[in-house]
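Colleague: Read off the chains here:
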Amino acid sequence: MNHNQPVYTDNDPQNELVTLNLGPTHPATHGVFQNVLQLDGERIVSGVSTIGYIHRAFEKIAEHRPFYQITPLTDRLNYCSSPINNMGWHMTVEKLLNITVPKRVDYLRIIVMELARISDHIICNTIIAQDTGATTTFLYLFQFREHIYEIYEEICGARLTTNIGRIGGFERDFNDIAFAKINKFLKEFPVALKEFESLLNRNRIFIDRTAGVACVTPEQALSYSWTGPLLRATGVDYDVRVSEPYCSYDEFDFEVPVGTSGDIYDRYLVRNEEMWQSVSLIQQAMDKLKNEPAGVFHADVPDFYLPAKEEVYNNMEALIYHFKIVMGEIDAPKAEVYHAVEGGNGELGFYLINDGGRTPYRLHFRRPSFINYSMYAKMSEGMLLSDAIINMSSMNIIAGELDA
Amino acid sequence: MAEVNNSSVIQLLADRFGAKVSGVNEPYGLLTVETTKDVIIDVLTFLKETEGTGFTFLTDITAVHYPETKHIAVVYHLHNMVNKIRIRVKVFIHEHTPAIPTATVLWNGANWMERETYDFFGVKFEGHPDLRRILNMDELNVHPMLKQYPLEDPNRVDKKDEYFGR
Chain A
1 MNHNQPVYTD
11 NDPQNELVTL
21 NLGPTHPATH
31 GVFQNVLQLD
41 GERIVSGVST
51 IGYIHRAFEK
61 IAEHRPFYQI
71 TPLTDRLNYC
81 SSPINNMGWH
91 MTVEKLLNIT
101 VPKRVDYLRI
111 IVMELARISD
121 HIICNTIIAQ
131 DTGATTTFLY
141 LFQFREHIYE
151 IYEEICGARL
161 TTNIGRIGGF
171 ERDFNDIAFA
181 KINKFLKEFP
191 VALKEFESLL
201 NRNRIFIDRT
211 AGVACVTPEQ
221 ALSYSWTGPL
231 LRATGVDYDV
241 RVSEPYCSYD
251 EFDFEVPVGT
261 SGDIYDRYLV
271 RNEEMWQSVS
281 LIQQAMDKLK
291 NEPAGVFHAD
301 VPDFYLPAKE
311 EVYNNMEALI
321 YHFKIVMGEI
331 DAPKAEVYHA
341 VEGGNGELGF
351 YLINDGGRTP
361 YRLHFRRPSF
371 INYSMYAKMS
381 EGMLLSDAII
391 NMSSMNIIAG
401 ELDA
Chain B
1 MAEVNNSSVI
11 QLLADRFGAK
21 VSGVNEPYGL
31 LTVETTKDVI
41 IDVLTFLKET
51 EGTGFTFLTD
61 ITAVHYPETK
71 HIAVVYHLHN
81 MVNKIRIRVK
91 VFIHEHTPAI
101 PTATVLWNGA
111 NWMERETYDF
121 FGVKFEGHPD
131 LRRILNMDEL
141 NVHPMLKQYP
151 LEDPNRVDKK
161 DEYFGR
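First to last, the protein sequences are chains A and B.
All letters in the first sequence, in the order written, are residues 1 to 404 by full-length UniProt numbering.
All letters in the second sequence, in the order written, are residues 1 to 166 by full-length UniProt numbering.
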């Protein structure tokens with residue numbers, strides 16, 4: 001029997017569909033999304049997604065701001081992994097300005113970005129578990145996100161919206177406490193992750209709720225321009241870190257996990273495996289750092305790298321450079337650049353057109369959440385309402401990135 | 001299979017479309033070409049389905065407004081994931097008649113990208129199945145990314161310099 005098209009007799013009072021507004025502020029939608037669903041019992045017949053409830057005109061604001069003042073905007077795209085957005089933006093500007101950063105900066109960036117990826121995947125996977133009723137696992141792994149925030153705090157002073165980078169490197173070097181915290185994390189997190197997996201991977205209820213649900217074929221995923229873990233769960237091994245390596249990712253030894261069926265369970269497994277890979281990447285970066293000269297945390301680009309505040313207060317040259325940078329007196333070249341990084345949800349691209357000044361003529365964010373979510377209403381058709389909820393968790397749509 | 005690179009793609013495009021594909025450039029290694037709106041779907045189809053090009057993945061669609069020349073550039077980023085090369089295709093359309101055929105006939109993902117471009121720039125994608133605003137409210141009567149619209153409402157009085165002694 002085809003569940004989508006129930007057969008009713010004439011004048012049957014049940015021959016009506018129920019319209020349900022799932023959202024805009026529904027606890028299960030994890031953000032401000034509205035889906036107007038037509039329900040036949042518990043089954044979704046059709047749906048329309050409405051977005052834009054927290055649209056903040058980032059692209060328009062970016063046209064009026066110098067490069068440094070765009071960093072806080074990128075923080076607020078995917079706020080679950082804001083350092084990746086930050087680094088992606090600064091790397092775009094570095095590409096525009098032809099700046100090469102020291103190796104040590106690359107490794108430090110990899111540490112921060114992989115921590116951010118873990119933090120992002122922790123949220124997604126624990127929330128999938130939470131939506132199937134497994135609150136324990138949610139609380140259990142979530143504390144490691146807190147540990148990651150403590151590392152950020154040590155590096156830059158902020159926790160969620162980090163503003164962690166600078167053009168050419170970092171604002172300051174990682175201190176010993178930060179390295180100690182990273183080492184502690186590397187020691188403790190794998191134990192917890194293993195336990196998390198042992199609680200869920202073979203859990204009958206979890207598998208029943210996720211395996212074979214919301215299957216997506218590679219052709220569908222590619223047609224909808226999916227990237228990231230969602231695309232990889234369908235079996236396509238596309239990862240920007242491998243395809244177009246940045247930050248010396250090509251020197252590292254890691255694998256791109258792929259799924260086979262593209263269902264929710266595969267997405268969960270792919271993200272879990274990516275967390276293992278990220279742990280390995282951080283460990284490798286920590287090892288490589290030992291061979292790099294200490295204290296190097298930015299490239300020597302005084303025209304674009306903001307000098308330290310104490311220098312600005314005490315050193316005339318630093319004050320002049322600070323003034324020139326903040327007032328936008330040194331022009332950037334007239335150029336057009338696209339740079340992509342592997343964000344938590346997929347390819348995060350920055351398309352920057354510069355007309356010779358210090359504010360972009362046009363800046364477009366290619367936001368993976370926005371592009372991935374376009375398939376949600378279509379793929380919910382024929383699905384049970386309860387499955388559509390878990391499907392949304394498994395897509396890891398971040399409202400800030402969706403609406404920008 | 002022959003190697004696919006920027007020069008081979010340029011050659012294939014020149015053979016197939018001649019002068020209709022122009023402005024070939026490679027800023028930062030990313031192949032960029034310009035074409036016209038009457039052949040854009042043919043160009044995209046050619047890039048997607050021809051063996052020597054293989055740009056099967058649509059990365060992005062967006063637009064840029066150039067008020068000095070009275071043009072809006074619709075920009076497509078395509079990706080050949082196998083050979084790891086990208087191409088940027090631009091179409092300059094006049095700002096008073098901003099219309100271009102839709103790419104949803106080739107990629108489902110183009111749907112929301114084109115809605116966003118319509119919302120921000122007012123570019124009408126002809127044949128789009130559901131061309132509505134996506135991020136801004138339906139009642140908005142401007143397309144806010146066009147350069148003639150300033151960032152803030154000019155009628156606001158609380159930010160006028162005279163109130164601050166400037």
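Worth flagging that the hints you see were computed from the coordinates, not collected in a lab.
For every residue, glycine included, the Cβ atom is placed at its ideal position computed from N, Cα and C.
Misleading hints may appear alongside valid ones.
[As the list claims (entries may be wrong)] Quick look at which bits of chain A chain B covers, simulated, 3 or more residues with Cβ under 8 Å: (1) 113 to 124; (2) 236 to 250; (3) 261 to 271; (4) 346 to 354.
[Said to hold, decoys possible] Interface residues of chain A toward chain B, partial, derived using beta-carbon atoms under 7 Å: (5) G52; (6) R202; (7) H364.
Colleague: If a hint holds in the structure, say so; if it does not, say that too.
Modeller: Consistency of the hints with the structure:
1. 113 to 124: violated (count 0)
2. 236 to 250: Our answer is that it holds, as 4 residues pass the Cβ test (under 8 Å) against chain B, meeting three.
3. 261 to 271: Answer violated; 0 residues pass the 8 Å Cβ test.
4. 346 to 354: Held - the region 346 to 354 of chain A has 4 residues with a Cβ nearer than 8 Å to chain B, which meets the minimum of three.
5. G52: It holds, given that the least Cβ distance between G52 of chain A and chain B is near 4 Å, below 7 Å.
6. R202: violated (33 Å)
7. H364: Interface hint status for H364 of chain A: holds (4 Å vs cutoff 7 Å).
In summary, the structure is inconsistent with hints 1, 3, 6 from the numbered list given earlier, while agreeing with the others.
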